[in-house]
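Protein chains: 6
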Amino acid sequence: MATFGLIEYNDASPQVKAVYDDIMTTRKTDYINNFWKAIAHDPALLKRTWEDLKAVMAPGALDALTKEMVYLAVSVTNQCGYCIASHTRAAQKAGMTEAQFAELMAVVGMANETNRLASGYQVAIDERFRV
Amino acid sequence: MATFGLIEYNDASPQVKAVYDDIMTTRKTDYINNFWKAIAHDPALLKRTWEDLKAVMAPGALDALTKEMVYLAVSVTNQCGYCIASHTRAAQKAGMTEAQFAELMAVVGMANETNRLASGYQVAIDERFRV
Amino acid sequence: MATFGLIEYNDASPQVKAVYDDIMTTRKTDYINNFWKAIAHDPALLKRTWEDLKAVMAPGALDALTKEMVYLAVSVTNQCGYCIASHTRAAQKAGMTEAQFAELMAVVGMANETNRLASGYQVAIDERFRV
Amino acid sequence: MATFGLIEYNDASPQVKAVYDDIMTTRKTDYINNFWKAIAHDPALLKRTWEDLKAVMAPGALDALTKEMVYLAVSVTNQCGYCIASHTRAAQKAGMTEAQFAELMAVVGMANETNRLASGYQVAIDERFRV
Amino acid sequence: MATFGLIEYNDASPQVKAVYDDIMTTRKTDYINNFWKAIAHDPALLKRTWEDLKAVMAPGALDALTKEMVYLAVSVTNQCGYCIASHTRAAQKAGMTEAQFAELMAVVGMANETNRLASGYQVAIDERFRV
Amino acid sequence: MATFGLIEYNDASPQVKAVYDDIMTTRKTDYINNFWKAIAHDPALLKRTWEDLKAVMAPGALDALTKEMVYLAVSVTNQCGYCIASHTRAAQKAGMTEAQFAELMAVVGMANETNRLASGYQVAIDERFRV
Numbered sequence: 001m002a003t004f005g006l007i008e009y010n011d012a013s014p015q016v017k018a019v020y021d022d023i024m025t026t027r028k029t030d031y032i033n034n035f036w037k038a039i040a041h042d043p044a045l046l047k048r049t050w051e052d053l054k055a056v057m058a059p060g061a062l063d064a065l066t067k068e069m070v071y072l073a074v075s076v077t078n079q080c081g082y083c084i085a086s087h088t089r090a091a092q093k094a095g096m097t098e099a100q101f102a103e104l105m106a107v108v109g110m111a112n113e114t115n116r117l118a119s120g121y122q123v124a125i126d127e128r129f130r131v
Numbered sequence: 001m002a003t004f005g006l007i008e009y010n011d012a013s014p015q016v017k018a019v020y021d022d023i024m025t026t027r028k029t030d031y032i033n034n035f036w037k038a039i040a041h042d043p044a045l046l047k048r049t050w051e052d053l054k055a056v057m058a059p060g061a062l063d064a065l066t067k068e069m070v071y072l073a074v075s076v077t078n079q080c081g082y083c084i085a086s087h088t089r090a091a092q093k094a095g096m097t098e099a100q101f102a103e104l105m106a107v108v109g110m111a112n113e114t115n116r117l118a119s120g121y122q123v124a125i126d127e128r129f130r131v
Numbered sequence: 001m002a003t004f005g006l007i008e009y010n011d012a013s014p015q016v017k018a019v020y021d022d023i024m025t026t027r028k029t030d031y032i033n034n035f036w037k038a039i040a041h042d043p044a045l046l047k048r049t050w051e052d053l054k055a056v057m058a059p060g061a062l063d064a065l066t067k068e069m070v071y072l073a074v075s076v077t078n079q080c081g082y083c084i085a086s087h088t089r090a091a092q093k094a095g096m097t098e099a100q101f102a103e104l105m106a107v108v109g110m111a112n113e114t115n116r117l118a119s120g121y122q123v124a125i126d127e128r129f130r131v
Numbered sequence: 001m002a003t004f005g006l007i008e009y010n011d012a013s014p015q016v017k018a019v020y021d022d023i024m025t026t027r028k029t030d031y032i033n034n035f036w037k038a039i040a041h042d043p044a045l046l047k048r049t050w051e052d053l054k055a056v057m058a059p060g061a062l063d064a065l066t067k068e069m070v071y072l073a074v075s076v077t078n079q080c081g082y083c084i085a086s087h088t089r090a091a092q093k094a095g096m097t098e099a100q101f102a103e104l105m106a107v108v109g110m111a112n113e114t115n116r117l118a119s120g121y122q123v124a125i126d127e128r129f130r131v
Numbered sequence: 001m002a003t004f005g006l007i008e009y010n011d012a013s014p015q016v017k018a019v020y021d022d023i024m025t026t027r028k029t030d031y032i033n034n035f036w037k038a039i040a041h042d043p044a045l046l047k048r049t050w051e052d053l054k055a056v057m058a059p060g061a062l063d064a065l066t067k068e069m070v071y072l073a074v075s076v077t078n079q080c081g082y083c084i085a086s087h088t089r090a091a092q093k094a095g096m097t098e099a100q101f102a103e104l105m106a107v108v109g110m111a112n113e114t115n116r117l118a119s120g121y122q123v124a125i126d127e128r129f130r131v
Numbered sequence: 001m002a003t004f005g006l007i008e009y010n011d012a013s014p015q016v017k018a019v020y021d022d023i024m025t026t027r028k029t030d031y032i033n034n035f036w037k038a039i040a041h042d043p044a045l046l047k048r049t050w051e052d053l054k055a056v057m058a059p060g061a062l063d064a065l066t067k068e069m070v071y072l073a074v075s076v077t078n079q080c081g082y083c084i085a086s087h088t089r090a091a092q093k094a095g096m097t098e099a100q101f102a103e104l105m106a107v108v109g110m111a112n113e114t115n116r117l118a119s120g121y122q123v124a125i126d127e128r129f130r131v
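Sequence lines, in order, name chains A, B, C, D, E and F.
The numbers in our numbering rise by one with no breaks, and the one at position 74 of the first sequence is 74.
The numbers in our numbering rise by one with no breaks, and the one at position 117 of the second sequence is 117.
The numbers in our numbering rise by one with no breaks, and the one at position 66 of the third sequence is 66.
The numbers in our numbering rise by one with no breaks, and the one at position 23 of the fourth sequence is 23.
The numbers in our numbering rise by one with no breaks, and the one at position 118 of the fifth sequence is 118.
The numbers in our numbering rise by one with no breaks, and the one at position 119 of the sixth sequence is 119.
Honestly, I wouldn't trust all of these hints.
Identical copies look the same in the list; a pair holds intra-copy or inter-copy alike.
What the hints assert, rightly or not - Derived DSBU-like pairs: lysine-lysine, alpha-carbon spacing no greater than 30 Å straight-line: (1) K47 x K93; (2) K93 x K28; (3) K47 x K17; (4) K47 x K28; (5) K28 x K17; (6) K54 x K17; (7) K54 x K28.
Derived from the structure by calculation, the hints contain no laboratory data.
With these hints in hand, go ahead and build the complete structure from the sequences.
In structure tokens:
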């Protein structure tokens, strides 16, 4: 199920349990998905990644749904199967409709296409776009 | 400036001019950026790409700003210099604030990190995430 | 099992058998993994890839374990499922501990994150880093 | 020099200055490279990224040089110009010799090649490599 | 089978059926592959993608087989499992021999290797190659 | 110009000179491009890469022009600036017309788009495409 197996709640150290508890409380669920159980073999990574994620994905200047859709857009671009599956669900849970998903994929597709056209035609950056 | 040079408005064929005109009208600007002038060497590609882009980026289930930010997220993930420069400006023109940009980049960074953690730990997709 | 199937030892041509023999001798094993059996349909590619790999992965200025971990880091970044599975084992065989794996993944994750932050913020290369 | 410019030490807020100070102390240098000055527009990102990086790159089960070389291997695979330039120098500062760099690049090149051969030939993961 | 399931011909709207019909007529087959049935949830995307693909893949300055092999080369580079499987078959249907496939993969492998060597060694573009 | 500088012919060791001579003879030119001069710091890599490239790019089941265009397609997909610049010229030297280049880029763009649509919609591989 993962390189070093999945660490279930009952087998977890107190440090890992504390992160699992925070994940469940924050997400209002009693489910811990495999990603966390797989990286729990490195408790420091588990804690840091979760805390960073919690901070980064919290609503701020961008709302939670927009952030989830951006996360999905990146995962699709990188062709990460696990991330596409889990973040599709996360985005749906955050309210993504089928119509929004469809428009999201259309944008992701176009961006991946034009990224290569820009590079392939060796287009110089316009003076006004330079920083 | 581009593999086959940039085609300026005055040197363009009527078919290319028609696309340039539509770009300027749609975007309410008198500026055609280098991307379009570079791919104008292939008038069919120019027309198809512009029409697809116009349809895909029009506000719908997602607003224009969200779409521009997703475009930028993909371009950053692909490390396309031209696209990052031009779509940063496009997103700003669509209203992206510095705070929104900052949160966008934080999400893009995290997604690129966790995509690799998920793959690197060979995490199996949770039963409930399967389609 | 592969686009053109796997070529087993007993069905292999003398040229392919010679490479298989060298793989088993060099690696002190009687096992040929699927990668080699799949590309054996192109004996020249098989021979060239194996000889290059043998030369590149031999201990030199970098030890064998470091090289295996770098190989794994690249495979994870590219999200290549086969390569992640096989090079995780190869690295373990070369002595990689669970703690080393964990630190390796943490570095790979961070590098993938900051690569995008650098591109996304369009950071110019410092004068002192230029070549 | 960067999307929102570079924040120099003298213009930085106390929170940003504290991170800059820690970078200089930790790295035993009086130089802050552009990456940090560019992301300092988001003080929370600056602080989090620096603290994560400091933790991840500290010697542990892997030594500092190995970590820097892995960082460089990922950056090369992702074709991130800024990161390649800055981490080449960081690795050299950590002791990377020209011979080590050469072997590192050879491994990175081979891994990128064989990643595609494995995918292109659609090689199934060996039973013994599965997790 | 796909995020929102596959839309079969008999369950399709007239707009989707029209695209399916054109795919079958153009390709001289009675089979619609999963890709189209999956994106049929967005009829506008289905129509646009199919029409673009039909135009782009039609023989012109490049013959149909060459185009299919380029498509496969890109899909292998991006490590897209679905695309590799479907475009390998499409290329074979267009006449790709096993020998051509083998040479194609060898080129794809080398290009992925030397792309990283060029970036890793930070090679400046030769004056005569600049545009 | 490159991480360790460029090694010019007159400063090269006999082993490096022998490779340079073979490049010039094979390519019927007196010009050695920067890529080779940059990796010449690792004479074994220089020799192996050149010999592999010479073997892989020689006309066989695929002609030289097709191979150069595939090389360019991969380089564009990977967004490698040096490789795009040098292989555009190499393809032109091998006879690529502007019309062929245009069709090549159109295919590369479409493939990059549909690769993400296939992944984003999580399309299962059709039974008949499985190997």
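**Prompt:** Using 30 Å as the alpha-carbon threshold, which applies to K28 and K17: within, between, both, or neither?
**Reply:** within (16 Å within a copy, 38 Å between copies)
*Can you tell me if K54 and K17 fall within 30 Å by alpha carbon in one copy, between copies, both or neither?*
Classified as both; 16 Å inside a copy, 25 Å across copies.
Status of K17 relative to K47 across identical chains (alpha carbons, at most 30 Å)
both (10 Å within a copy, 26 Å between copies)
Have a look at K93 and K28 and pick one of within, between, both or neither, based on CA distance no larger than 30 Å. Classified as within: same-chain Cα gap 11 Å, cross-chain 37 Å, threshold 30 Å.
request  = If the cutoff is 30 Å on CA atoms, where do K47 and K28 land: within, between, both or neither? Let me know, please.
outcome  = Answer is both: 18 Å inside a copy and 28 Å across each meet the 30 Å cutoff.
At most 30 Å between C-alpha atoms: does K47 with K93 qualify within a copy, between copies, both, or neither? Intra 23 Å, inter 29 Å, cutoff 30 Å: intra and inter.
Tell me, please, which holds for K54 and K28 at an alpha-carbon limit of 30 Å: within, between, both or neither? This pair counts as within: shortest intra-copy Cα distance 13 Å, inter-copy 32 Å.
Checked against the numbered hints above, the structure violates none of them.
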